[in-house]
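Chemist: Sequence:
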Amino acid sequence: DPDNILARHYLGGVHYQRNELDAALPLLEASVKASAREPEFHNNLGLAYAAADREADALDAYRAALSLQPNHAAAWNNLGLALQSTNDVDGAIDAFRRAVSLKPDFAHAHWNLALALLLDGQFSAGWNEYEWRLRLPELGRDRRSYPGPLWNGSPPAGKTILLYAEQGLGDAIQFVRYATRLARDGARVLIQCTELLRPLLATVEGVAQVLRENEPLPRYDAHLPLLSLPRVYETNLESIPAGVPYIVPADDTRKATREALASLRQQLKVGIAWAGSKAHSNDRNRSCALATLAPLFDLPDMAWFSLQHGDAARQIDSIAATSRLVPLAADATLEATAALIAELDLVISVDTSIAHLAGALARPCWVLLPFAPDWRWMLRRADSPWYPTLRLFRQPRPREWSPVVSRIAVELAALVAAKLS
Numbered sequence: 001d002p003d004n005i006l007a008r009h010y011l012g013g014v015h016y017q018r019n020e021l022d023a024a025l026p027l028l029e030a031s032v033k034a035s036a037r038e039p040e041f042h043n044n045l046g047l048a049y050a051a052a053d054r055e056a057d058a059l060d061a062y063r064a065a066l067s068l069q070p071n072h073a074a075a076w077n078n079l080g081l082a083l084q085s086t087n088d089v090d091g092a093i094d095a096f097r098r099a100v101s102l103k104p105d106f107a108h109a110h111w112n113l114a115l116a117l118l119l120d121g122q123f124s125a126g127w128n129e130y131e132w133r134l135r136l137p138e139l140g141r142d143r144r145s146y147p148g149p150l151w152n153g154s155p156p157a158g159k160t161i162l163l164y165a166e167q168g169l170g171d172a173i174q175f176v177r178y179a180t181r182l183a184r185d186g187a188r189v190l191i192q193c194t195e196l197l198r199p200l201l202a203t204v205e206g207v208a209q210v211l212r213e214n215e216p217l218p219r220y221d222a223h224l225p226l227l228s229l230p231r232v233y234e235t236n237l238e239s240i241p242a243g244v245p246y247i248v249p250a251d252d253t254r255k256a257t258r259e260a261l262a263s264l265r266q267q268l269k270v271g272i273a274w275a276g277s278k279a280h281s282n283d284r285n286r287s288c289a290l291a292t293l294a295p296l297f298d299l300p301d302m303a304w305f306s307l308q309h310g311d312a313a314r315q316i317d318s319i320a321a322t323s324r325l326v327p328l329a330a331d332a333t334l335e336a337t338a339a340l341i342a343e344l345d346l347v348i349s350v351d352t353s354i355a356h357l358a359g360a361l362a363r364p365c366w367v368l369l370p371f372a373p374d375w376r377w378m379l380r381r382a383d384s385p386w387y388p389t390l391r392l393f394r395q396p397r398p399r400e401w402s403p404v405v406s407r408i409a410v411e412l413a414a415l416v417a418a419k420l421s
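Under my numbering, the first residue of the sequence shown is numbered 1, with each subsequent residue one higher.
Simulated from the structure, these hints should not be mistaken for lab results.
Hints may contain errors.
[To be verified] Calculated cross-link-like contacts (lysine-lysine; reagent style BS3-like; alpha-carbon spacing at most 30 Å):
hint, residue 1, residue 2
1, Lys-255, Lys-269
2, Lys-419, Lys-255
3, Lys-419, Lys-269
Using the sequences provided together with the hints, build the complete structure.
Modeler: Spelled out as structure tokens, the structure:
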């Protein structure tokens, strides 16, 4: 029935859920036009606008919903997300706080509040809110059922503490640094993680044993997910344990890599990664196409090495500069990738695990960041308090990589000139 406003709205919602935005938006817009006093229609239209990267329209839609229903907790949460996408962090924090005040058990709003607070450098409040991630269905699945108590920061000397990785590879690499602190405080530290990470995390000072994800667990006194350690240690900007390197590739692997690159001593050896996991909620903004970076490969006196894992590595086949970019072996392990990074002069990476790995290895790395970055990169700074060897190159406007690539080309030319002088 073309006159059934509710049916058209629901159909638009189905198209939105399938990411069929060209079909969803006309239906949702028509339903709002026909029934402008329905707050849920405005809220759902805002979601579709946000998915289509129409931030200003999304903001208008959420505000329209809230003008009709000021106690609409979901609309406040969505407004916060839209504000954060424009880097209005103060406005986002206010909106998320309104959402949780209206619905105190709103786990997604608490989680979003945590990310905004951490982005803004408000670590104390941010770490506390960050614990709400464990109540999210999409993140809580990382929290396996471990018997025994969570470690609460009580004196760990003489105790065995089990830590376990969660979320992505980069998260585990970033936060495993706390295992060293825990060991220095007297604990025997066990870590459980994916097989990909085991060889690397085993090199971290203080890690007594690295366990596979499903193997039987030895005796321990308490357990904790890795990303809860900053809260337990009350980490602030000044107390981040930023000593690097804290991951070290195996000597034999690194030696073989060094010998393979020996003939390139006169060239600047640069590794590059242009895409993260497609499963990441913000991957369309944080990743870029290899073709976007192609102008860099025309610079002289440089040797380029792909550090790209996964399907995105196939993009090498479609660019003209293929002969100038050495592909990563299809079966390359993360340990082999680390050994390669350790022998390069520079890594250039989008916000993915490769950037974290380079930072943990204390290698120079230039990180290409989207306009609205992940919380750990904060705002308005070109360095990282987590990784002293990283430089941050930020998009000046949403979804515009070309100014970033132009800046990097200038900086690379200067590096080459310095190496040859």
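Chemist: It remains to establish, for every hint, whether it holds in the given structure.
Modeler: Against the structure, the hints come out as follows:
| no. | hint | in the structure |
| --- | --- | --- |
| 1 | Lys-255 to Lys-269 | holds (16 Å) |
| 2 | Lys-419 to Lys-255 | holds (23 Å) |
| 3 | Lys-419 to Lys-269 | holds (11 Å) |
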